[in-house]
Amino acid sequence: MSKKIDKRTKEYKEFIKKNPQGLGDRIANFTSKIGLDKLVDDDCGCDERREKLNDLFPTRFKARRCFNDDELQWYDNYYKTRTLNLVTADELKKLVIMHEQIFNWKVNGLCHNCSGSAKIIKSMIDRLDKMYLSYNKNL
20 MSKKIDKRTK EYKEFIKKNP QGLGDRIANF TSKIGLDKLV DDDCGCDERR
70 EKLNDLFPTR FKARRCFNDD ELQWYDNYYK TRTLNLVTAD ELKKLVIMHE
120 QIFNWKVNGL CHNCSGSAKI IKSMIDRLDK MYLSYNKNL
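In the numbering used here, the protein residues as written are 20 to 158.
Take every hint as true, because none was put in to throw you off.
As a list, the in silico BS3-like pairs of lysine-lysine whose alpha-carbon atoms are at most 27 Å apart:
#  : residue 1 : residue 2
1  : K112      : K99
2  : K29       : K125
3  : K81       : K52
4  : K125      : K138
5  : K138      : K113
6  : K99       : K138
7  : K57       : K71
8  : K112      : K71
9  : K138      : K112
10 : K81       : K112
11 : K113      : K81
12 : K141      : K99
13 : K125      : K52
14 : K81       : K125
15 : K99       : K149
16 : K113      : K149
17 : K29       : K57
18 : K141      : K113
19 : K112      : K125
20 : K141      : K125
21 : K71       : K81
22 : K113      : K71
23 : K138      : K71
24 : K81       : K99
25 : K71       : K125
26 : K149      : K138
27 : K81       : K141
28 : K52       : K29
29 : K138      : K81
30 : K71       : K141
31 : K149      : K125
32 : K125      : K113
33 : K112      : K149
34 : K125      : K99
35 : K149      : K81
36 : K99       : K113
37 : K29       : K71
38 : K71       : K52
39 : K141      : K112
40 : K29       : K81
If you are wondering where the hints come from, they were derived from the structure by calculation, not from laboratory data.
Just so it is clear, the structure is predicted and the values come from calculations on it, not from any experiment.
Using the sequences provided together with the hints, build the complete structure.
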């Protein structure tokens, strides 16, 4: 499982500079480079705006790594046995963890029973399917 990074640390700020999650992180990096971030208070609401912009305008998903052997075996079984795009709670947990690690993208606020999460879950599965299918073509 990937290591959780405290958002208040320098490690997290360096991680975001190298891996912007969306438009909000890109703007924050830019304002930091030109020194604009030094002119505002710490409690100005910038973090909330940055996260909102990241949610509205995410960075394109690009795989940071391939499936490892265990993930490939699990996904192969999942891909071949799933029905009607129904996802169990255990499958959803595994898919979210796998998606976060492979695409280096945190998925927050998913609810297995909420209709609003269905689109996000489907897009995660579509990305993993695309990667899985391209992996199998190269074997």
